[in-house]
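> Let the sequences and hints guide you as you build the complete structure.
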Amino acid sequence: MIPATDLLLALRPLHVCVGPTGHIRQVGKSFVKLGIDDPTGCRFLEVFEFLRPMQPATMADLRRLAGQVVRLHVRSEPGIGLRGLVIDDQAGGVICDLSFGIAVVDAVHRFGLTARDFASSDLVMELLFLQEAKSSAMAASFSLNARLNGARLAAETEALTDGLTGLHNRRALDGALARLGQSDTEYAILQLDLDRFKQVNDTLGHAVGDAVLKRVAMILRTHTRQDDLVVRTGGDECVIVCPGLTDPTRLSALAGDLIRDVSEPVMIDGQEVSVGASIGIAVSAHAARGDPQTLIARADVALYAAKRSGRGRHLFWSPHMGDSLAELDMPVSAARG
Amino acid sequence: MHGLIFRTLEAFVSDVFGADCWARAVGLSDLPVTSFEAMLQYDAGYFPKLLAACAEVLDRPESVILEDLGAYLITHQNHASVRRLMRFGGETFSELLHSLDDLPGRTRLAVSGLDLPQVHVREPISQSFIIDCRGEPAGFGHALVGLLRAMADDYGTLAVLDHRGIRNGSEVIEVIVVETAFGADRGFSLGGAAMAEGA
Chain R
1 MIPATDLLLA LRPLHVCVGP TGHIRQVGKS FVKLGIDDPT GCRFLEVFEF LRPMQPATMA
61 DLRRLAGQVV RLHVRSEPGI GLRGLVIDDQ AGGVICDLSF GIAVVDAVHR FGLTARDFAS
121 SDLVMELLFL QEAKSSAMAA SFSLNARLNG ARLAAETEAL TDGLTGLHNR RALDGALARL
181 GQSDTEYAIL QLDLDRFKQV NDTLGHAVGD AVLKRVAMIL RTHTRQDDLV VRTGGDECVI
241 VCPGLTDPTR LSALAGDLIR DVSEPVMIDG QEVSVGASIG IAVSAHAARG DPQTLIARAD
301 VALYAAKRSG RGRHLFWSPH MGDSLAELDM PVSAARG
Chain X
1 MHGLIFRTLE AFVSDVFGAD CWARAVGLSD LPVTSFEAML QYDAGYFPKL LAACAEVLDR
61 PESVILEDLG AYLITHQNHA SVRRLMRFGG ETFSELLHSL DDLPGRTRLA VSGLDLPQVH
121 VREPISQSFI IDCRGEPAGF GHALVGLLRA MADDYGTLAV LDHRGIRNGS EVIEVIVVET
181 AFGADRGFSL GGAAMAEGA
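Chains R and X are the protein sequences, given in the same order. For the first sequence, UniProt numbering assigns the number 1 to the initial residue and increments by one for each residue that follows. For the second sequence, UniProt numbering assigns the number 1 to the initial residue and increments by one for each residue that follows.
In case anyone wonders, no lab produced these hints; they're calculated from the structure. Note that this is a predicted model, so its numbers are computed, not measured. Beta carbons: idealized from backbone N, C-alpha and C, even for Gly. You may find that some hints are simply not true.
[What the hints assert, rightly or not] Using C-beta positions, here's what the derived DEER-type ranges look like: (1) Gly18(X) / Pro78(R): 52 to 58 Å; (2) Ala154(R) / Glu56(X): 30 to 36 Å; (3) Leu7(R) / Glu95(X): 23 to 29 Å.
[Stated by the list, open to error] Covered stretches of chain R (in silico footprint by chain X; criterion: 3 or more residues with CB under 8 Å from a CB of chain X, positions within the stretch not fixed): (4) 101 to 113; (5) 122 to 131.
Right, here's the structure in full:
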């Protein structure tokens, strides 16, 4: 039978034999990679520091750890944890058989370990293979997720955008109103309707009509703030939602600027085109909180009141106008156009 | 069938022959997909159609395309991880060949759902190997020939590899290792790509 010390050398690359005096008698071949050249003759507890389950100070302490799983590290490499088993060598000393725990991945990097530094029966190669394969597979998964997320964001943006003007669409408006309805933020809604747009479309053609709409969209974007939501809700109708803006003076100024700029005659395809705009405004402080639809209806009522009173102007909703178009003393169709 | 297989074919054709070749092959195959994702599953029936279309567009036999694809996986920088994962198989080319029995298992460990044919390796005469591959995808043996040829180079080993056709329902590959220290070994450190490995 092969002597025990030779057996250890052949099978266990990270073992330490400690004599009765506490000095190292023999170590496995892989310690040299850990920067411990030849520790034989050194005191075991000066080379290694125990972490768990206790820190032995004497040989007697160490022998009491026999049979227990211990955690320790080489004093010169505190970052690389080792774990192992202490056994009594029946001759006054102990044998400590060690391995890298989960720190093996770091240890391989740190010390440039190779397959020969591990016992042939060790599963460490499978562990390293798996670690590397998992990283590659995760990278592929992450890249797929990133691409899918990009596509999702693009689709979401597209779903909320009006194709012609690049303004938001009704779906975006519904989402924003639902969020405002649940928050305490005060806000104003401006309903804008172009005057004489139908004539432009009918006499100069849809291409010119589209150009007018794009120009109006640009004007609306220019005059509104980053947080305002500018929506094209249909043909020549737009809605502007202004969170946090309820001051009538500022809202009047905004509406005035919009109407002035939209009404500026403009040359499109060599023809002078002139449209106008009317605006109805409703402010959330007047509305029952949590019901943005009421506010939208009131802005609509104010818009038709503005159109009826001569177009090219803006009006704030007030209680005497009522909450719906039916309460206005005019046919709805007469106000359109 | 695992998207990695399709993705590999797409990457190979696009990287080596150009994106327009791939676009023509996909068009010719008449499949409802134009680009494949590595981490999705696709209908296994797509693969033979795509391969046939590639053969027509690239004007070469399917077996040659698969062999080149195998070599591409090992030699192309975009797939350095494949070379590294293969090098885990052994410290010499012969050890790698003996580890091929584990290839489907290792592959499943790496990417669950990526099923490869059963591989059975024998060495009836020293340094002369017979490799049987049984199962889908058909033609895997050709890709394995290309891949192993590139790995032999990687180890600096001179080896002769041949696909001997189909015997008893298995693709049969013959490998003769002629000289183990024929060229420079590109090297392999467990520590990963970060550590210097010969170019």
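> Of all the hints given earlier, name the ones this structure violates by number, lowest first.
none
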